[in-house]
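Chemist: Using the hints, position chain B against chain A.
Residue numbers (the numbering used here), protein chains in the order written: chain A, 5 to 198; chain B, 762 to 1477.
Hints listed in this document are in silico derivations from the structure and should not be mistaken for laboratory results. Among the clues, some could well be false.
[What the hints assert, rightly or not] Listed next, the in silico DSS-like pairs over lysine-lysine satisfying Cα-Cα at most 27 Å (straight line):
1. B/LYS1340 / A/LYS147
2. B/LYS1333 / A/LYS147
3. B/LYS1301 / A/LYS147
4. B/LYS1221 / B/LYS1127
5. A/LYS147 / A/LYS59
6. B/LYS931 / B/LYS955
7. B/LYS1221 / B/LYS1301
8. A/LYS147 / B/LYS1005
9. B/LYS1359 / B/LYS1385
10. B/LYS829 / B/LYS1385
11. B/LYS1360 / A/LYS147
12. B/LYS1333 / B/LYS1301
13. B/LYS1054 / B/LYS1041
14. B/LYS977 / B/LYS930
15. B/LYS791 / B/LYS931
16. B/LYS1338 / A/LYS147
17. B/LYS930 / B/LYS791
18. B/LYS1076 / B/LYS1016
Here the structure is a predicted model, which is why all the values come from computation and not from measurement.
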Amino acid sequence: MKSLTLHILAGVSLIAGLISCKKDTSNNTIPAVTKTDSIQVAFDPAAPNTFFSFKNDAVVANSDSATTNWDFGLRNVNFIINSHISGPGNAGVITQTGIYDSYTQAAQSGYAYDTTSTQLAIDAGFTTGWYIYNSTTHAFSPKAGQFFVIRTADNHYVKMEILSVNYVPFAGQVPVTLIYKFHFAYQADGSTTF
Amino acid sequence: MLQKISYSIIFFNLFSFASAQKSSSDTSGKVLDEVVITGTRTENTISNLPLPIQVITSKTISLSGSEKLIDILQMQSSLVIANNPLGTALQGYPNPFGNGIQMQGLDPAYTLILIDGEPLTGRNAGIINLGRIALGNIKQIEILKGPATSLYGSDALAGVINIISKEPKKNSLDFQTHYASNNTLGLTGASSIKYNNTSFQLFANRYSGNGYDLDKNIYGKTVDPFIDYSFSAKMLYDINAKNKLMVSARYFSEKQINNYLIYPLSDPEVVKGNTIETDKSAYARLQHTVNNKLNYSTSVYATSYSNNAAVYLQKNDSLYETIMLTQFLFRPEIQVNAGKNPAALFVTGLGYNFETVNSSRYSSLKELNSWYAFVQKQIQWKEKINILAGARFDKNSLYAAQLSPKIAVGYKVSPNFIIKGSVGAGFKAPDFRQQFLNFSNTLIGYTLLGARELGDGLGKLKRNGEIDDAIDISPYANGVELSPEKSIGINVGFDYTLHNNSVLKINFFRNDISNLIETYNLPFKKINNQAIYSYENLNKVFTEGAEVNISHNISRNISVYGSYQYLLAKDKDVLHKIKNGEIYKRDPITNITSPVTKKEYKGLYNRSRNTANIRLQYDNVFYKATAFVTAKYRGRYGFDGLNNFEDGSGILDDDREFVKGFLLVNTTFSKRLGTSWEIQSGVENILNYTNRLQMPNIFGRTYFINVNFKLDNKDK
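Pulled out of the complex, with its shape left as it was, chain A reads as follows (with noise of 0.2 Å):
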C-alpha cells in the first residue's frame, strides 16, 4: 500500500515537471485570459458607440469616452479604436486572416487607427469590410477566417474573433439591437503572446 502511495506520488510529481518544463520551454509568461462574451450594440448609425473594455471583459459607460478606460466603440457595424481621433489611448488593430487558434504571437508593429470619422481601421464596408451582408436575409455573417489583433488603449495585447452577429428579435418591422458574439485572449501581462 504504502509503495503504492508512493508510486502515485511519483507519478504526480513526474507529470507537474513535464508540465512546468512544457511551459518553460515556451515563455516565461502567464497564460492569455480567454473569455467569449456577447454585447448589445443599437442598429443605428446615429446612436451612441457601445463601448468595450478587454480588462475588465465589460461595457463601459458612454460617460467614460474621453478616458483609456475603453479599447473599442461599436455602434451598426462600425467599430472605433481607442486612439487618435477616436480616443486618448494608444490603441490600434491589425486585420489578420488565418485560424483565429493558431495565432499565438501579436505582431509588434502595424497596427491601423482611425484616421478620420469616415476612415476607420476596422473596414466596415459592404463588400470589403469585416462582414458578408446577405442582402436577401439582411443577415450580417462575420467572414470566417478573419479576426483582430488589438493593442489595447493601455498598450495590452489581445486577439478578437466575431463569432455572430444577430439581430435581438424585435416586436415591430425594423430591427432595433444587434448581439455581437465574440471571443477573445488577453494578454494581461503586456506580452504578445496568446
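Modeler: Positioned in the frame of chain A, the structure of chain B alone reads:
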C-alpha cells in the same frame, strides 16, 4: 366562375382570335427536321446546322394551353426560371424585375431575346420580363445555345431565344378564351387576311388576374393583381417577283397594382399605387432578289420601352416614390445573302444602333451609339461536312471595339448520325445601370454611382458636404471605364436518328466568362457613415455540362420527348483562393474555423446540377382528343442565407444552403368539336408545389379551361 366563362365566350364570339391548333393529319410518326432562321440569319434545316438549336413548335404551345412565354420556357430542362434574390417578392415587396431565364447556367442578362430577329429592350437589373410575351401568335420558338454574338452582338453569351411570329398565309380567324385559377382571364384573337399580293396578320390579347398570396402573415400579396394588353400587326406585300415588303408593329402594356408595406425607421407604412410597363416596336424590311444567288434586305427597327411606378402613402395619400425608366432603340440594317443556300452561302450585314435611356435614377438622358458589321460563310462539302464561320465587329461610343468570331463544324458520319462542334466568342456590353446609375437611398443614405458617373456624382456629393473635405476624389474625376464582359463558349455533340421516329441529341458545353461586372464599395464613406457603391470588372466564372434530348414517336399518335441537363457553374477566383487556402468557414455551432476545401465548394448559388423534363402526347383520332402531359424536375440548388444559415465563407459550401429540388407536372386535355371548335382543360402544377421564399413565381395547383375557335379558308 362558370358564369364568367360563358360570359366571355359570348363576348368573344363577337371578336376574333388565335390558337395554333393544327389538324391531326400533321401528326406523322416521323420526327421532323425543322427549318430555323436563328442559326444563320437565313432559313436552314437543323440537320444542316452544326449548332445546338432547339425548337418549340406552335403545336406544343397550343397543346399546352399556356398563355405566356414564361409558362412554356420554364418547362424546358435546359432553361430555369431565375429569380433575382433582390427581385423576389420577399416580405410582400413586389418583384420589380419579373422572371428571367437562366440558360447554360448563365443569368438572364446573358441571353438575348429576339422577336422575329429583332431584340426586346427594357431590362430591369438585367432581366427582361418574359410575362411580356403572349403565346397566341407564335409560329415557333427557336433556342440557340452557345455564344451567338458573331451574328447578334451584345448579350448573346449564353445564347438566343428567337420568337418567330406567325406569317399570314391564308384567310383565317381564331379566338381563344382562357380562364384559370386566381380569376385569370385571357382573351386572344387573331386574323389573317390575304388579298392579291398583300396579306395581313392581326393579333390581340388581353390578360388579367387577381394574383395570389403565398404568405398570409405578410402584408400584401405575393403577386398583385394585373392586367395587360398585347397587339401586333404584320403586313406582307409582294411588290413584284423580285421585291417584297414586310411591315410590322407590336404593342404591349401592363398595369400591375402595388400594395405593400415599407419600413421607414419608425412604424411600417402601407403604400399603394401601380406600375405601368409598356413596350412598342415597329419594323419594316424590303427584300430584293437580284438572282437566285444574290438577294439583300434593308430594314429599320424602332422600339421603345417604359416602366413607370408611382406609390402613395395610404395614410395621407401623399406621393411616396416614383420610379421611371424609358429606353429607345433605333436600328437601320442591311443584310446581303450571296451564293447557294446552304451549300455555299455568304451572309454579310451592316447596321447602326442609336440608343437612349432615361431613368429617375440617372442624372440625365443617356445616349449610346454603335455600329456593327458581320460576315458569315457556310460551306457544304460532299454533303458530309458543314462548316459555318463568321465574325462580327462592334464599335461602340462607350467602350473598346469588340471582334467576336465563331466557327462551327458538322460531320455527317452517316445520314442519321451527325457530329457537331462550335467555338465562339461573346460579349455583353456594360449596361446603362452599370455606367450611369446615380442614386442615393433616402431612407438609409447610401449612394450608388455608375462607373462613368463617378466623377460628377462624387463631385456633387463633395460640393454638398456629403463627403469629408480631406478625401481625395481626383482619381475618379473622369469616371472609370468598364470593359464588356467576355466569354468563350464551346459546344460539342451529336444528333443520332433511329428509324426516322427517334432522335437522340447530346451536347456538351463549356462557357468561360471573364470581366464580370460587380458592385463594390469605394474605400471611403459619406459623412453620414454610409457607403458609396460603384461597379467594376471583377470575376471570372465558368459553366459546363451536358444536355441530352430524346424524341421518340411511338406511333403516329403517341410521342414522347425527354431531356436532361447536367450543370456545373463555379467562380474561378473562388477556386483560386481555395487553392491558396484563403477561404475559411466557421462552423455555426462549434465556432471552429477551417479552410474550405475544393470538394466542399459547390459552385454558384441558384444553379441546379440536375434538371430534366418529359413531355407526353397522345392523340386519339377517333375521339378527336389529345392528352398532353409535361413534367419538369429542377434539382436542388444553393440559396444564399437559406434558413439563416451563415458560415462566414461567402460561398456555397454546405448542404444546409440547398433548397430541395422540385417537380412540376402539368396536364392538358384537348377535344375538338366539329371543324372549328376546341375545348381544352388542364391542371398546372398538379403536385401543388410551392415555395413562397425561393420560388414566389410558382402558385400552387392551377386549373384552367380554354375555348378555342378557328376558321380557315384553305382555298386562298
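Chemist: If a hint holds in the structure, say so; if it does not, say that too.
Modeler: Hint-by-hint comparison with the structure:
no., hint, in the structure
1, B/LYS1340 / A/LYS147, "holds, 18 Å"
2, B/LYS1333 / A/LYS147, "holds, 20 Å"
3, B/LYS1301 / A/LYS147, "holds, 21 Å"
4, B/LYS1221 / B/LYS1127, "holds, 18 Å"
5, A/LYS147 / A/LYS59, "holds, 25 Å"
6, B/LYS931 / B/LYS955, "holds, 6 Å"
7, B/LYS1221 / B/LYS1301, "violated, 33 Å"
8, A/LYS147 / B/LYS1005, "violated, 64 Å"
9, B/LYS1359 / B/LYS1385, "violated, 57 Å"
10, B/LYS829 / B/LYS1385, "holds, 26 Å"
11, B/LYS1360 / A/LYS147, "holds, 20 Å"
12, B/LYS1333 / B/LYS1301, "holds, 5 Å"
13, B/LYS1054 / B/LYS1041, "violated, 35 Å"
14, B/LYS977 / B/LYS930, "violated, 50 Å"
15, B/LYS791 / B/LYS931, "holds, 26 Å"
16, B/LYS1338 / A/LYS147, "holds, 14 Å"
17, B/LYS930 / B/LYS791, "holds, 24 Å"
18, B/LYS1076 / B/LYS1016, "holds, 23 Å"
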